[in-house]
Amino acid sequence: MASSVIVNDFVVKFANVNGTGSASANYLFAKAIFRMGIPVTAKNIFPSNIQGLPTWYEVRVSDKAYYGRREGIDVMVCVNPQSMMQDVKSVKTGGYFIYDNTKKLHPSFVREDINYIGIPLMEMCNREYADPRQRQLFKNIIYVGALTELLHIEFNVYEDLFADQFKGKEKLIAPNIQALQLGINYIKENFNHTFPFTTERREYTKNKIMVDGNTACGLGAIYGGATVAAWYPITPSTSVVEAFEKYAKKYRVDPETGKNKYAIVQAEDELAALGMVIGATWNGARAFTATSGPGVSLMNEFLGLAYFAEIPAVLIDVQRTGPSTGMPTRTQQSDILISAYASHGDTKHVLLFPSTPKECFELTAAAFDLSEQLQTPIILLTDLDLGMNDHVSDPFEWDDDRKYDRGKVYHAEDLEKIEKFGRYLDIDGDGIPYRTYPGAHPKKGAFFTRGTSHNEYAGYTEDGADYTRNVERLLVKFETAKKLVPKPDFYQKSNKSDEAMLFFGTSMYPAEEALDVLKENGIELDAVRIKAFPFNDDIVEFINAHEKVYVIEQNRDAQLKTLLVTEHGFDPAKLVSILNYDGMPMTAEQISKAILEKSKSTIAKTVNN
Amino acid sequence: MASSVIVNDFVVKFANVNGTGSASANYLFAKAIFRMGIPVTAKNIFPSNIQGLPTWYEVRVSDKAYYGRREGIDVMVCVNPQSMMQDVKSVKTGGYFIYDNTKKLHPSFVREDINYIGIPLMEMCNREYADPRQRQLFKNIIYVGALTELLHIEFNVYEDLFADQFKGKEKLIAPNIQALQLGINYIKENFNHTFPFTTERREYTKNKIMVDGNTACGLGAIYGGATVAAWYPITPSTSVVEAFEKYAKKYRVDPETGKNKYAIVQAEDELAALGMVIGATWNGARAFTATSGPGVSLMNEFLGLAYFAEIPAVLIDVQRTGPSTGMPTRTQQSDILISAYASHGDTKHVLLFPSTPKECFELTAAAFDLSEQLQTPIILLTDLDLGMNDHVSDPFEWDDDRKYDRGKVYHAEDLEKIEKFGRYLDIDGDGIPYRTYPGAHPKKGAFFTRGTSHNEYAGYTEDGADYTRNVERLLVKFETAKKLVPKPDFYQKSNKSDEAMLFFGTSMYPAEEALDVLKENGIELDAVRIKAFPFNDDIVEFINAHEKVYVIEQNRDAQLKTLLVTEHGFDPAKLVSILNYDGMPMTAEQISKAILEKSKSTIAKTVNN
Amino acid sequence: MTYLRPTFKHPDLPKNSLGYTFKDYEGGLSTLCAGCGHDSISAAIVEACFRQNIAPHKVAKLSGIGCSSKTPTYFLGNSHGFNSVHGRMPSVATGASLVNQDLMYFGVSGDGDSASIGMGQFVHAVRRNINMVYIVMNNGCYGLTKGQDSATADVGSKSKAGSVNIFQPIDFAGLALELGAGFVAQSFSGDKTQLIPLIEAAMNYKGFAFINVISPCVTFNNNVGSTKAYDYVRQHIDATGTIDFVPTHNEIVADYKEGTQTNIKMHDGSYLQFNKLDTDWNPLERDSSFAALQKARNSQEILTGLIYFEQNPTDLNTMLNTTNEKPLHQFSANELSPGSAKLAEVNDDFR
Amino acid sequence: MTYLRPTFKHPDLPKNSLGYTFKDYEGGLSTLCAGCGHDSISAAIVEACFRQNIAPHKVAKLSGIGCSSKTPTYFLGNSHGFNSVHGRMPSVATGASLVNQDLMYFGVSGDGDSASIGMGQFVHAVRRNINMVYIVMNNGCYGLTKGQDSATADVGSKSKAGSVNIFQPIDFAGLALELGAGFVAQSFSGDKTQLIPLIEAAMNYKGFAFINVISPCVTFNNNVGSTKAYDYVRQHIDATGTIDFVPTHNEIVADYKEGTQTNIKMHDGSYLQFNKLDTDWNPLERDSSFAALQKARNSQEILTGLIYFEQNPTDLNTMLNTTNEKPLHQFSANELSPGSAKLAEVNDDFR
Ligand SMILES: Cc1ncc(C[n+]2csc(CCOP(=O)(O)OP(=O)(O)O)c2C)c(N)n1
Ligand SMILES: Cc1ncc(C[n+]2csc(CCOP(=O)(O)OP(=O)(O)O)c2C)c(N)n1
Ligand code: SF4
Ligand code: SF4
Ligand SMILES: [Mg+2]
Ligand SMILES: [Mg+2]
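Residue numbers (the numbering used here), protein chains in the order written: chain A, 21 to 629; chain B, 21 to 629; chain C, 49 to 399; chain D, 49 to 399.
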């Protein structure tokens, strides 16, 4: 047990029953810490169920600004008898177990090596509130109060938070404050040891925002100029279009006519959703859909059509744990292979990998440009962890001078100047032809879009040479894509080591932390974070420049490594996979441990994380 | 121009209008050569259209028993004015162009370097036949007659063929013989040069059969014990289930009750087709579907379910030219990647690659055993070339003592002996659990099949450890598959060279021929033909034993190479791709040329093919 | 997570004619929201199976994805179950039903599962007349994904989140009738008295027996303004009278006034007894059923009960003439493979 | 392979009010079988567009896969066309129609394309009331894959290959009506006189205008025993009388006997003129249309003509309140992006 007080470095986990309103109380706790300027990460671990099953909320506070998950619970707040046995077990030796002691704790829950704080939550609620719904809701606020006192969270932060939360319903503020106070007072009156963890105001999160990736994607689609969204509900992607709708209602209604500059359709399934997107983009609009694994599987045929007929489309895949229905409320990065090579025949798709809410916003907006520039589907691969959990992020930015890059489009005036329009003619040598919007010109520019083989003039063809020219041009286009997609993030100005780490998406969080851990263990690695597929030359150069590259992924089959090897012919032996695929966000410990075992430069040291 | 007569080594191509009955006449020609014991290969090159467009039929005769396609037309029989210009162009210098000279040939069709034989086909038909349908049909027989005379095909072979073809409609024999005779006589009377090509009876095809792969697959499903077939029509797979139905009607109707020991359903689409198969196999039956690329794309979600819930299923994918609708009547081997890794999440499927009709039969039958042994989908990857063209093949064989291997199933008596049944319990350490059929036992063995994460007892779980154990067991099962799938064919007892060739499916035909061509050019390569994925140890050993391995594929993106590298970590540099993807079956010349260019042991020689 | 009920059995529990107690028909403890209509339907299925004396292992239960599709875990724990993928249960059930005619097939689905993503498969299952009981637990919303409108939500119906549906609803009963379904019933999860015998009748129907059950989602669609809320449904229901299912061996007890009772004979000789039937409509005539349904729709009423009953159904297996000698999976290699001699003949055809 | 007709134009060709000649509405030369019903429907579309004075480039034509779905290449060569994937045209058309309300959308499909693989999408396109003309070229078979029965093949109908269909047919008109379609018509490819005005009316309908056209497949389903053969259809057709479409600017010429003519007013002020209408059925009332259809079905007749017409349709764009100020793709970044100031507010919400 720690003897001195640890500042801003601990993990609190809440164990609740879902459907009881605990999520917002737990969020309040995390948000309070955020408002104190302290780095905080919250993970909502919920079941694929609506009401009555165990749900958890993990809050990590980190003065070093590590935003990844960390194993080992310092403080467990358990108000769910169903999960209590496993919750007790999950507390670190020396940690704290906070529970409702209205009823006496059964001896089987008692561990010698942890501390127990009982608070008579039910009793207090029954005493204070008559309404059963209030009893349930305020119980959650009371334990937040207790934590507030134990961890010395600033009280006025809550006052602000409640004021924001209940704007327009101000009469709800007082009872919430009161419930919080109940918890605070209970600790004040009953707890007289030194609690080994505390918080202290910092400036880390100043100017930052705390938001989930799905909201950021929805907002990115608004700023990126999407006018049509077609989707089918599926966890964990549903909130992408919900956010789009929310902001569209706010910002996309013509104030004069009251008419919408957008259209959202809840489709009958994912096939139809992508079909609608393709219809809309074919007709010139920017359109997108959001889904998760099963939806991507169903969209294969349409993705192949869009690839071959060269129709833009933006698909946001918020990945969850596969295969099949898998674990719908757990995270993974396991739709990479199917996304990159979706559909039968020789197909390749452009992928984007955001790591933060800000990147969700930016890459979603960028996806619309890219998709129109390249006239092909762009698949944004985010995941449940990024999409549904709140992350501390730099704020969203937008340049008001920014214009959309609509790609190569011939309008009526261009068509006038052209002798013969060839929809699939590679005029510029970059593999990207010109398109026209339906209705553009009375006599020129009309063409037939089809998924069958076509020549440069969009005419149907069964000629082998026509076919070959066309699919080889598509490879040229894919080369062009390498120049247009976002560049990777390098963690060093120039390479310093023979070994390196490569990661993408939410693996960034534990990977960055692992870099530090390894450094502490005497292993300094170069590192790169990939943001897109196809991989651009910088990445190839980086890998070539290293003897060994650890590729961090949250899937079983090393799917990103497969893309690296397939597309660039690296020797697979030099790309060493570090994988986690149990459905929980990967931790720095998992990575550093694995690398310590595998690294040639490993000194006989153990990780002291 | 050849001065001496070439025996049994030439290519004849027919140019017709589709829907005019030419296919059966052209087939008659190929079959006659087959009956003379001479190796012959026929390729039907038809449009995605029902009536009125150009169609071709290529017949290669090869005394060396090369069954691959060969470029360069020796004799072109053109009865389609639409395609005449390109047909004239496709004749080899010194070759022959046979045409209908009822109307004079336009000078633009005249090439100085080829020979022309005009036959007044239309005039002859109009004279001989009153019925327009007869005129059309017998025109085709007349040119077969002409070829018969030019190439010295034995007349009595036709008599036998007609007798077989018109069994039960004997009155059609005489007019056909007469039409044939018309052609023969016309040549006898009007052609008095020496024709540079001829046929001579051989014994090569004695005991062989000439059949298309789809028929063989359908028959394989009959012998393999399939009782349920669910499908959706799509070129080029349609005839698989048609053959199954034909033989089922013949061999699977209980003579006593008149009831069917099979059920065939034409589903509403491919999703439903695979759903029905999965429902049937879940209920204990052997079931299959047949489709082509677009169908596989649509089946992704169900394939993932079958993988994860461990349900047998047999899927026959007769590949055509992708992506998207592509060229539906052209061939390719381009559904490898999507088949191997179909569906989102981490999934892997077992693939089989037949090369001959006999293997279509055998591997289809084997697929049912494998699928039940492994409790997973088996995808048989054939292609349009193998599936729809007639191939000379060894005859089908069946061991009457053969029993079906139904895999690990607990029946009522087994369940009686078991304490607690665990549907996903790995008792034998091979990753394969035991299953039960619905209705097996009144109290034991019932379980819930689901696509969500499940523990050893088929219970729903969101526990990371349960999940991980399960998906890692699936990897163990995939390892087990390596021991069960058919072994590769090696072309040498022991390795003789540093370099080797690796191929599969219909690439076998040109590859075998290319091996000879290369030998003639001083390059002797080892070779292996792969029959299944996952690749077994023999293949890995073989590749490790060579410095360079040429991987022959009929797709753009080197899909099989991707599997080799992904699964075994070979250095991609040593696997050199030789690709063809124009939709036509690959030729030996394409392969040998490419290898001559790329081989380190290349002596300054050119191919003299 | 599935909780199992304690397996302790009271020795005095009543048994049905097969010797099974009610408990033998139960499943795992439900994880649905307290008050969810779906749980009442599960209970009705349990009761119907108990009454119908079907051995639990002789039932196969199949579903798609959704709260409704989870229910097969909550009834008939001794039956094989298959929770397939979203909207595709009909095809899986079709395949299963082809194999083994000794089992009874229960398909359970939701309105999202069957009216949106599964519409195509639903239509074709009806068309093929699969021999199964097909129950849609219809709550007008997507429960499991948190309350979006489904395709059966009525125009103007308000969700808990406050959005008002603008699209025409799909009327399952009308659709099934239009598609030629032979057994079309409609009921309400809150009306056990009506629902249980309907399920019993459906179980005895040799063909596609469809029951659309309005089943309120208490969490997302039980608010004022929703036309699938308990209150709304109770107010707008137009029950066609009580129904009784009378198995073959039971005597028909006619304790109703004359003229108010109809007995429909089932294929196995059992009877379906209608009481107090609406007099101007005959459930044995399709046109008449259509008209009745249409009339109720026009007046915004929900017609419940047995809406249409085709007396001579021909199910898929009969149409396909599939053997029922034994399940298809029980045939051995020498019963299925035509053998080497026949293969020699086949080879000869290709020479 | 598409052949283009010679582009030489005779100077004296008649022109429509926009100055276009008939030739301007033609497409590539058909590659369908000689005599295929689909070609007649293409010709009717050409004629209807010419008569309706629509600029060819203001039409978008969409289809799935099949012989029928190939036809958009054979009409309106100056329009953008989209031959998508099998059965999924409805969704593509839906997406397209959301973007640009200045174009007219023609969806062309086959019975395989819409009744089998595309059933789900068809149902939902009806439900959403997409503003489009939706034509099914219904031949009861899969032409392009060589003649298998489709889901619209009648029970007992015999294919050329000799197989007899055992399944209930899907009745497109009945289904569309059941699903709430506002414009439901049925016709025969061989009846140009009826078909052309129906297409014209459909073009002027602001909503989902559905025309099921029986269109014989001469190659695979025109044999004796087929209920989709030319001869059979001609014998069983029950035309509802002639129809005329009268554009806004034309005067209504009433040259029929009183009592036999009905004028239906379209949303744009034009009229649809029915002559010699069946007296016991009113196409403006859904129940009545249902009954008429049902009656014809019962007597194995094919009712053709305008079966149902809802006078006040609300199409999807109207329901969604989408702007028609200009097509959605014409909005620029500063019209669509809320700008940095608003983004600052959004950021603040997350602090
Ligand atoms: C292919 C696919 N798309 C989406 C989902 C997400 N999903 C799960 S359940 C559901 C809707 C369920 O609605 P319903 O069938 O009405 O069942 P309820 O929960 O209302 O009983 C959806 C969209 C999925 N599981 N699979
Ligand atoms: C996903 C998919 N499955 C199957 C096919 C093969 N296919 C092409 S057309 C067609 C049927 C066409 O029938 P229909 O729509 O009635 O058109 P018709 O040819 O009769 O006019 C089928 C099954 C395909 N192209 N795509
Ligand atoms: S969310 Fe609705 S449908 Fe789902 S369990 Fe709860 S009440 Fe039932
Ligand atoms: S096959 Fe039939 S549908 Fe297709 S073009 Fe020929 S006649 Fe028309
Ligand atoms: Mg529902
Ligand atoms: Mg058709």
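Just so you know, the hints here were simulated from the structure itself, not pulled from any lab data.
Here a beta-carbon is modelled for each residue, glycine too, at the ideal position from N, C-alpha and C.
One or more of the hints may lead you astray.
What the hints assert, rightly or not - Residues from chain A that keep clear of chain B, each with C-beta distances beyond 10 Å, as calculated:
| id | residue |
| --- | --- |
| 1 | Y136 |
| 2 | P314 |
| 3 | E321 |
| 4 | L435 |
| 5 | D448 |
| 6 | E492 |
| 7 | G589 |
| 8 | D591 |
| 9 | E609 |
| 10 | E617 |
| 11 | K618 |
Said to hold, decoys possible - Some but not every residue of chain C turned toward chain D, in silico, with C-beta under 8 Å:
| id | residue |
| --- | --- |
| 12 | V171 |
| 13 | A199 |
| 14 | G228 |
| 15 | M314 |
Now the hints, each set against the structure:
{"no.": "1", "hint": "Y136", "in the structure": "25 Å, holds"}
{"no.": "2", "hint": "P314", "in the structure": "6 Å, violated"}
{"no.": "3", "hint": "E321", "in the structure": "4 Å, violated"}
{"no.": "4", "hint": "L435", "in the structure": "27 Å, holds"}
{"no.": "5", "hint": "D448", "in the structure": "22 Å, holds"}
{"no.": "6", "hint": "E492", "in the structure": "8 Å, violated"}
{"no.": "7", "hint": "G589", "in the structure": "4 Å, violated"}
{"no.": "8", "hint": "D591", "in the structure": "5 Å, violated"}
{"no.": "9", "hint": "E609", "in the structure": "15 Å, holds"}
{"no.": "10", "hint": "E617", "in the structure": "18 Å, holds"}
{"no.": "11", "hint": "K618", "in the structure": "15 Å, holds"}
{"no.": "12", "hint": "V171", "in the structure": "5 Å, holds"}
{"no.": "13", "hint": "A199", "in the structure": "7 Å, holds"}
{"no.": "14", "hint": "G228", "in the structure": "4 Å, holds"}
{"no.": "15", "hint": "M314", "in the structure": "21 Å, violated"}
The structure is inconsistent with the numbered hints 2, 3, 6, 7, 8 and 15, although it conforms to all the rest.
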